[in-house]
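**Q** Sequence:
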Amino acid sequence: MLSQIEASVRGSTTGVQLWPDRDFDGEVSVGEGIHACVKQVQMNGTMLAVKEYRYQTAQAVPPYGVVRAFQHEVDMLLAIHHDNIVGLVGVVLHPRLALVTEYMDGGSFGIFLWEVLTPSTCSNPFVGQTNDTFVDQVTSGIRPSLAFAGVYAPILDECWRLIPSERPSADTLVAQLTALLQ
1 MLSQIEASVR GSTTGVQLWP DRDFDGEVSV GEGIHACVKQ VQMNGTMLAV
51 KEYRYQTAQA VPPYGVVRAF QHEVDMLLAI HHDNIVGLVG VVLHPRLALV
101 TEYMDGGSFG IFLWEVLTPS TCSNPFVGQT NDTFVDQVTS GIRPSLAFAG
151 VYAPILDECW RLIPSERPSA DTLVAQLTAL LQ
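Heads up: the sequence shown begins at 1 in the UniProt record's numbering, then just goes up one per residue.
FYI, nobody ran anything at the bench for these hints, they're computed from the structure.
Distance windows between CB atoms, simulated:
hint	residue 1	residue 2	range
1	Pro154	Ser3	47 to 57 Å
2	Asp136	Met1	46 to 56 Å
3	Tyr55	Thr133	46 to 56 Å
Predicted, not measured: the structure shown is a model, and the values here were computed from it. Heads up, the beta-carbon is just placed ideally off N, CA and C, and yes, glycines get one too.
My request is simple: use the sequences and hints to build the entire structure.
**A** The following block contains the structure:
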C-alpha cells in the first residue's frame, strides 16, 4: 500500500513532494489526538504543519489500518484545492507516516470560524484592501463584527489576539469547542 501512496503523490500535478525523511526546524507541538500528533515546523523559512501518525514501530511496516487511513487522507488532500483550505505540501513515508500541510494558526482559525457563523449578508471589513491597509487595521484593533458569534465570541476574541503566542493552541480550541457542544 505504501507504494500506491508513493505513486499517487508522484503522479500528482499539484506540486506535492514526497520527502524521504522528516527534516524540519523548530518543531513545536500544536495538537495531539489518539492516532496522531500535529507540530508546527519550519522548512526553508516557511511555516508548515506536520501531522505524524502514531503506531508501534516494532514492525518495518506500519499496521494496515493506519496505512489505509493515511492513504485516504492523502487521496482526499490531493483532490481538494481551495484558497480557504490548507493545502497538502508533502508526504513522509519513512521512518513514520506524516502529512505536511500549510500552517494555519489560531488567528486564521478565528477568521474561518467567523465566516462559518456569519450570514453572507454581513461583510468582512478586510475584503478588497491592500496588505498595508489590512496590517494597519489589524494592528489598530479592527476586527470583524462578533454580532452573530453568540457563545463563540470569546473564542474568536482569543483567536484574534494581536500577539500570536497569546492565541489559543489547537488543543485549547478543541477543548473550548467540545465544551460548548456538551
